[in-house]
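Those protein sequences? They're chains U and G, same order as listed.
Quick note: numbering that gives the first Met the number 0 has the first sequence finishing at residue 69, numbered continuously throughout.
Quick note: numbering that gives the first Met the number 0 has the second sequence finishing at residue 155, numbered continuously throughout.
Hints listed in this document are in silico derivations from the structure and should not be mistaken for laboratory results.
Predicted model, so just to flag it, every value in this text is computed and none were measured.
All C-beta atoms, glycine included, are put in the ideal place defined by N, C-alpha and C.
Be careful, since some hints might not be right.
[Stated by the list, open to error] Here chain G is said to cover these stretches of chain U; the calculated rule only asks that three of the stretch's residues, wherever they fall, bring their Cβ under 8 Å from a Cβ of chain G:
#	segment
1	7-18
2	33-43
[Said to hold, decoys possible] With a straight-line cut-off of 27 Å between C-alpha atoms, the simulated DSS-like cross-links for lysine-lysine are:
#	chain 1	residue 1	chain 2	residue 2
3	U	LYS32	G	LYS83
4	U	LYS40	G	LYS129
5	G	LYS95	U	LYS42
6	G	LYS129	U	LYS25
7	U	LYS42	U	LYS16
8	U	LYS40	G	LYS123
9	U	LYS32	G	LYS129
10	U	LYS42	G	LYS131
11	U	LYS20	G	LYS131
12	U	LYS25	G	LYS83
13	U	LYS25	G	LYS123
14	U	LYS32	G	LYS131
15	U	LYS40	G	LYS83
16	U	LYS25	U	LYS42
[Stated by the list, open to error] If you want a taste of the chain G side facing chain U, the calculated C-beta under 7 Å gives, among others:
#	residue
17	ALA2
18	LEU4
19	MET28
20	MET31
21	ARG152
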Amino acid sequence: MAQHEVEITISKTGEVKVHIKGAKGKNCLVYSKWLSELVGKVKDQQLTSEYYEPEIKARIDVEQDLRTEE
Amino acid sequence: MGAVLILTPIIIGSWPVITAAVAGAASAMGLMVSESVKEAAKESQSDTEQSVEVELADSEVLAESMATDQQIVLTKGTIQLCVKRDERGRCSVCAKGTGHSEAELKQIAEEFTQKLTQCFVYDKVVRELKNKEFQVVNEEVMEDESIRIHVRRWMD
Chain U
0 MAQHEVEITI SKTGEVKVHI KGAKGKNCLV YSKWLSELVG KVKDQQLTSE YYEPEIKARI
60 DVEQDLRTEE
Chain G
0 MGAVLILTPI IIGSWPVITA AVAGAASAMG LMVSESVKEA AKESQSDTEQ SVEVELADSE
60 VLAESMATDQ QIVLTKGTIQ LCVKRDERGR CSVCAKGTGH SEAELKQIAE EFTQKLTQCF
120 VYDKVVRELK NKEFQVVNEE VMEDESIRIH VRRWMD
């Protein structure tokens, strides 16, 4: 099992900083997309070393899991 | 490490959703929801009363389930804040009060819009995290008044 962690900081002005940990490769982008659609516009994005590590599991599972219900 | 994102919020919601965030922001700033909303809103502006209006640029208040001219009036001392949907559908905050400069009123209106934005984003994020069955590891309000939420989930 893989542990995915997300640290969300909402500043006093409402700006949001998100730190995604444990999600490797494109799984990480799935979280990024989900959170940016939820909150608003992406002002800045930095991929860290973990992004470039091989994915442990299929991205499709995370995508299906995070899909917003209509 | 994964990724680090900085997001600028967009406030889009129905009037009931916006009012929930307004109530949260009002409580955090010690503002009282005026019981005599209609009377307060209809009070005429005196000669010495200043008035400043601040608009939430990235906002849209959906007109559904909302009556025309619906607004929320908040008070703190001699300051009155009126939150409403403007002609363009955006959320706007009008601050007024006697004995306060325009700069003071603008400052409180801007502080309120920031707190309103923070409350709106917090409510939306927490609701969605709960829906997606994230486990909350920690949640705290920092010294700089930011809110930090740490969540995790396990994937097979």
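Run through the hints listed earlier and report the numbers of any the structure violates, in increasing order. Going through the list in order, the structure violates hints 3, 5, 12, 19 and 20 and respects the others.
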